[in-house]
Amino acid sequence: MPREALLARTFVELADTLVDDFDVVELLTRLADRCVELFDIATAGIMLVAPDSDLRVMASSSEAMRVLELFELQAHEGPCLDCHRSGRPVLNQDLAAMNGRWPRFAARALAAGFHSVHALPLRLRGTVIGALNLFQLDPGEMRQADVDAAQALADVATIAILSHRASLEAQTLNEQLNTALNSRIIIEQAKGVIAERAGLNMEQSFSVLRGYARTHNLRLQAVAHDVIDGSLAPAALDRPPPARPS
Amino acid sequence: MAGERRLRILARLAGETTPGTETRRLCEVCADVTAMSGAGIMLMSGDVPRGSVCTTNKVSDVIEQLQFGLGEGPCVDAYHQDRPVLEPDLDEPSTPRWPAFAGPAVEAGVRAIFGFPLHVGAVRLGALNLYRDRPGPLSDDQHADALVMADVAAQALLLLQAEAPPGELAAELESGADFHFAVHQASGMVAAQLDVSVGEALIRLRAHAFGNDRALAGVSEDVVARRLRFDDRSG
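Read top to bottom, the protein sequences are chains A and B.
For what it's worth, the numbering used here labels the leading residue of the first sequence as 3, then goes sequentially.
For what it's worth, the numbering used here labels the leading residue of the second sequence as 137, then goes sequentially.
By construction, these hints were calculated from the structure, which means they are not laboratory data.
All C-beta atoms in this analysis are idealised placements derived from N, C-alpha and C, irrespective of residue type, glycine included.
Some clues are possibly wrong.
[To be verified] Sample of chain A residues facing chain B (criterion: CB under 10 angstroms; computed from the structure):
(1) Gln146
(2) Asp148
(3) Ala172
(4) Leu183
(5) Arg186
(6) Ile188
(7) Lys193
(8) Val195
(9) Ala197
(10) Arg199
(11) Ser207
[Unchecked claim] Residues of chain A placed beyond 12 angstroms of chain B at every Cβ, according to the derived structure:
(12) Ala17
(13) Gly102
(14) Pro141
Could you put together the complete structure from these sequences and hints?
Structure, rendered in structure tokens:
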């Protein structure tokens, strides 16, 4: 699909919150995947702000532990934390030339093979609810047109999260974000059950969970619940794609 | 600063406690942090015995007794719906609910009541109840504090279930305050290894961490990396 067509389709997908199987983790995982397809970046992730103002990852284009750890670290330091505090984009950060800024984050990111990193705010009017994190393998700047497109996708995703009809029941923004973050924990617990019962790694476990939800038009969180309470056996999930070399 | 609400709560929990009064302290901090008249913590899960963990005063005690006895009320709803249930004016609610609970609770002195679910992912433990002797909604700040407090209380309940050493509750909560994916993945794996609930698995992980004087995150990483099993097929 031509890039412009994929970009347009992504906007429509992100805006479509009225489907029965709308799930915030699925929405943000799709945003992360599309960023990797659309822009010259290797990995993307989305972090949201918890009620105690800690940042927590909600979705990533990679479920590999070395990548998830890069998000965990950003509760304390890194581009997403700086972006959240300032409300402004943090762009084109050369990880090999940090001069002591983000010491733990930069070292881990370099060890994971990344050389440049960006963070774009998830904003609703004056409030920053999180950040979109983009990792490049090579040092170098992101094209301004790509930055603008990525920011526009982040804006649409923010509106989608906050305007989803389930949010009508949530009484505050904090409650809504808290519920979203708890749904990510439910998915991690389900990944663990699948990994153990089906002998898969965490990436494969997420992949079969997500695949089943998509094929059956179910919410990711509902499928995760069924796996955890035993009503859906991991053996009933579809076969995983072959493991990616790490 | 990141985690400021949580740090404030942990600092209040960390004061001197005599052994056996940790849960009492936990409830007092719940009421204190959210500026409420009183607080109570109810266990309602099938994973752990049902019952009251603590209450701060006679009114919170009545609130819990009524809900356990009648099977209705804000905490019962918060637990079953897995979301906060807020009633800023119990005497003159905009939508009346809990017909059996409301009268006696108002009689006992409750004017506003708020129930928050205690959960860790799919593990539902019970609910935190907060009440005030005058009507009015929670401010955004109070609401955020209550959400963080509920999270800390849920972690504290798991620690108590794992028979955390007396007096070390606050320190353990602080050392485990950072979010780690591995903890939640490992609880799913251990649940499958032992054929127990994820809640029970989380308690076993905690207990193993204490027993071996290790951090929960490190134990969890070993489980995820398949260096450690809980079903006796390794060490």
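The hints, checked one at a time:
Violation of the interface hint for A/Gln146 is found here, the shortest Cβ-Cβ separation to chain B being roughly 30 angstroms, above the 10 angstroms cut-off. Hint status for A/Asp148: violated, given a least beta-carbon distance of 29 angstroms to chain B, over 10 angstroms. Contact between A/Ala172 and chain B, as hinted, is supported at the beta carbon level, the nearest pair being about 7 angstroms apart and thus within 10 angstroms. Below 10 angstroms, beta-carbon pairs count as interface contacts, and A/Leu183 has one with chain B at about 9 angstroms; its hint therefore holds.
At a threshold of 10 angstroms, the smallest CB-CB gap from A/Arg186 to chain B is about 8 angstroms, leaving the interface hint in force. For the restraint placing A/Ile188 at the interface with chain B, the shortest Cβ-Cβ distance is roughly 4 angstroms, inside the 10 angstroms limit, so the hint holds. Hint status for A/Lys193 relative to chain B: holds, with the closest Cβ pair at about 6 angstroms, below 10 angstroms. Checking A/Val195 against chain B: minimum C-beta separation of about 4 angstroms stays under 10 angstroms; hint holds.
Taking 10 angstroms as the C-beta contact cut-off toward chain B, the hint placing A/Ala197 at the interface holds, the least distance being around 6 angstroms. Here the hint on A/Arg199 is kept, as its CB sits about 5 angstroms from the closest CB of chain B, short of 10 angstroms. Checking A/Ser207 against chain B: minimum C-beta separation of about 9 angstroms stays under 10 angstroms; hint holds. In this structure A/Ala17 is separated from chain B by more than 12 angstroms, as the shortest Cβ-Cβ distance comes to about 25 angstroms.
Chain B leaves A/Gly102 outside its interface by the beta-carbon criterion, the shortest separation being 20 angstroms against a cut-off of 12 angstroms. With a cut of 12 angstroms on Cβ distances, A/Pro141 stays outside the contact zone with chain B, its closest approach being about 28 angstroms.
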